[in-house]
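Enquirer: The task is simple: from the sequences and hints, build the whole structure.
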Amino acid sequence: MAKVLLSVFLVLVAVSSSLGKPEKNTVKKEKRIPQTLSRGWGDQLIWAQTYEEALFWARKGNKPLMVIFHLEDCPHSQSMKKVFAEDKEIQRIADEDFIVLNLMYETTDKHLSPDGQYVPRIIFVDPSMTVRADITGRYANRMYAYEPTDAKLLLSNMQKAKKFLKTEL
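Numbering (the working numbering), first residue to last: 59 to 227.
Treat each hint with caution, since some may be false.
Derived pair list, reagent style DSSO-like, types lysine-lysine, alpha-carbon separation capped at 27 Å [unchecked claim]:
{"id": "1", "residue 1": "Lys-121", "residue 2": "Lys-218"}
{"id": "2", "residue 1": "Lys-218", "residue 2": "Lys-140"}
{"id": "3", "residue 1": "Lys-220", "residue 2": "Lys-168"}
{"id": "4", "residue 1": "Lys-218", "residue 2": "Lys-168"}
{"id": "5", "residue 1": "Lys-210", "residue 2": "Lys-221"}
{"id": "6", "residue 1": "Lys-146", "residue 2": "Lys-210"}
{"id": "7", "residue 1": "Lys-118", "residue 2": "Lys-168"}
{"id": "8", "residue 1": "Lys-146", "residue 2": "Lys-220"}
{"id": "9", "residue 1": "Lys-118", "residue 2": "Lys-218"}
{"id": "10", "residue 1": "Lys-168", "residue 2": "Lys-121"}
{"id": "11", "residue 1": "Lys-140", "residue 2": "Lys-210"}
{"id": "12", "residue 1": "Lys-218", "residue 2": "Lys-146"}
{"id": "13", "residue 1": "Lys-121", "residue 2": "Lys-140"}
{"id": "14", "residue 1": "Lys-168", "residue 2": "Lys-221"}
{"id": "15", "residue 1": "Lys-118", "residue 2": "Lys-220"}
{"id": "16", "residue 1": "Lys-220", "residue 2": "Lys-121"}
{"id": "17", "residue 1": "Lys-146", "residue 2": "Lys-221"}
{"id": "18", "residue 1": "Lys-220", "residue 2": "Lys-210"}
{"id": "19", "residue 1": "Lys-146", "residue 2": "Lys-121"}
{"id": "20", "residue 1": "Lys-121", "residue 2": "Lys-210"}
{"id": "21", "residue 1": "Lys-140", "residue 2": "Lys-220"}
{"id": "22", "residue 1": "Lys-121", "residue 2": "Lys-221"}
{"id": "23", "residue 1": "Lys-118", "residue 2": "Lys-221"}
If you anchor each label on the Cβ, the simulated ranges turn out as follows [to be verified]:
{"id": "24", "residue 1": "Gln-136", "residue 2": "Gln-102", "range": "18 to 28 Å"}
{"id": "25", "residue 1": "Lys-221", "residue 2": "Pro-172", "range": "33 to 43 Å"}
{"id": "26", "residue 1": "Val-141", "residue 2": "Met-162", "range": "14 to 24 Å"}
{"id": "27", "residue 1": "Glu-111", "residue 2": "Asp-155", "range": "24 to 34 Å"}
{"id": "28", "residue 1": "Ile-104", "residue 2": "Lys-140", "range": "29 to 39 Å"}
{"id": "29", "residue 1": "Arg-117", "residue 2": "Lys-221", "range": "31 to 41 Å"}
{"id": "30", "residue 1": "Ala-198", "residue 2": "Thr-94", "range": "17 to 27 Å"}
{"id": "31", "residue 1": "Pro-133", "residue 2": "Lys-221", "range": "29 to 39 Å"}
Note that these hints are calculated values from the structure, not bench results.
Just so you know, even glycine gets a beta-carbon here, dropped at the ideal spot from N, CA and C.
Expert: Below is the structure:
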């Protein structure tokens, strides 16, 4: 009787284990969930929540920080946001090589408004927490302003920020 029960038990175990779904060991590329922190500047980018958090991640990851100041109801900010979000190369470099932060309010750090509090304004900060005053837009009176037609200049400045990171730090 014990041998019969043991045989039935083994058959049930064998059948139940063969009916289960096999586990797949394939690694899937994780699809990112759009973040509300992007505010339309690039939903697939990982955005820092605060300036302090962005500085922490820049220092920890040894990546430059790109801070974008803008306002929701500003037509210039809206135009720049559209160009920034649609430019695949800007999005790729921002995703791979930068810590990104967009702010609709001013920070207490006065280094982030060296020539005024206008929008849109894009400032680069290296991992040593130094604001890059040498990476500017094309205007003398609004040094960190970019317009939609300045996408190539912004891309060039992003490349400069990466290059300076490698040569200076």
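Enquirer: So, for every hint listed, does it hold in this structure?
Expert: Each hint tested on the structure:
1. With a CA separation close to 13 Å, the supplied pair Lys-121 and Lys-218 stays within the 27 Å bound.
2. For a cut-off of 27 Å, the pair hint linking Lys-218 to Lys-140 stands: about 23 Å separates their Cα positions.
3. Distance restraint check for Lys-220 and Lys-168: the Cα-Cα separation of roughly 24 Å lies within the 27 Å cut-off, and the hinted pair is therefore satisfied.
4. For the suggested pair Lys-218 and Lys-168, the alpha carbons sit about 23 Å apart, so the restraint of at most 27 Å is met.
5. Proximity of Lys-210 to Lys-221 is assessed by CA-CA distance (about 16 Å); at most 27 Å being required, the pair is judged to hold.
6. Restraint check for Lys-146 and Lys-210: the C-alpha separation of about 12 Å stays at or below 27 Å, so the hint holds.
7. At most 27 Å may separate the alpha-carbon atoms for a hinted pair to count; Lys-118 and Lys-168 meet this at roughly 23 Å.
8. At most 27 Å may separate the alpha-carbon atoms for a hinted pair to count; Lys-146 and Lys-220 meet this at roughly 18 Å.
9. For the hint linking Lys-118 to Lys-218, the alpha-carbon distance of about 20 Å falls within 27 Å, and the restraint holds.
10. A C-alpha spacing of about 22 Å is found between Lys-168 and Lys-121, which places the hinted pair at or below 27 Å, so the restraint holds.
11. About 14 Å separates the Cα atoms of Lys-140 and Lys-210, which keeps this hinted pair within 27 Å; it holds.
12. For a cut-off of 27 Å, the pair hint linking Lys-218 to Lys-146 stands: about 18 Å separates their Cα positions.
13. Proximity of Lys-121 to Lys-140 is assessed by CA-CA distance (about 25 Å); at most 27 Å being required, the pair is judged to hold.
14. At most 27 Å may separate the alpha-carbon atoms for a hinted pair to count; Lys-168 and Lys-221 meet this at roughly 25 Å.
15. Of the pairs offered as hints, the one joining Lys-118 and Lys-220 holds, with about 16 Å between alpha carbons and a cut-off of 27 Å not exceeded.
16. Of the pairs offered as hints, the one joining Lys-220 and Lys-121 holds, with about 8 Å between alpha carbons and a cut-off of 27 Å not exceeded.
17. Restraint check for Lys-146 and Lys-221: satisfied, since their Cα atoms lie roughly 20 Å apart, inside the 27 Å limit.
18. This hinted pair checks out: Lys-220 and Lys-210 have alpha carbons roughly 15 Å apart, not beyond 27 Å.
19. Our distance criterion of 27 Å between C-alpha atoms is met by Lys-146 and Lys-121, whose separation comes to about 20 Å.
20. Between Lys-121 and Lys-210 the CA atoms are separated by roughly 21 Å; this keeps the pair inside 27 Å, and the hint holds.
21. Using a Cα cut-off of 27 Å, the hinted pair Lys-140 and Lys-220 holds, with the two alpha carbons roughly 23 Å apart.
22. Using a Cα cut-off of 27 Å, the hinted pair Lys-121 and Lys-221 holds, with the two alpha carbons roughly 11 Å apart.
23. Distance hint between Lys-118 and Lys-221 is fulfilled; the C-alpha atoms sit about 18 Å from each other, no more than 27 Å.
24. A beta carbon spacing of about 20 Å between Gln-136 and Gln-102 agrees with the range 18 to 28 Å that was offered as a hint.
25. Distance hint for Lys-221 and Pro-172: a CB-CB separation of about 22 Å, inconsistent with the stated range 33 to 43 Å.
26. About 18 Å separates the C-beta atoms of Val-141 and Met-162, a value consistent with the hinted range of 14 to 24 Å.
27. Distance hint check for Glu-111 and Asp-155: the Cβ-Cβ separation is about 18 Å, which falls outside the suggested range of 24 to 34 Å.
28. Ile-104 and Lys-140 have their C-beta atoms about 21 Å apart, which leaves the hinted 29 to 39 Å range violated.
29. Arg-117 and Lys-221 have their C-beta atoms about 19 Å apart, which leaves the hinted 31 to 41 Å range violated.
30. Here the CB-CB span from Ala-198 to Thr-94 is close to 36 Å, at odds with the stated 17 to 27 Å.
31. Range check, Pro-133 to Lys-221: Cβ separation about 33 Å, and the 29 to 39 Å hint holds.
Hint compliance for this structure: hints 25, 27, 28, 29 and 30 are broken, all remaining hints hold.
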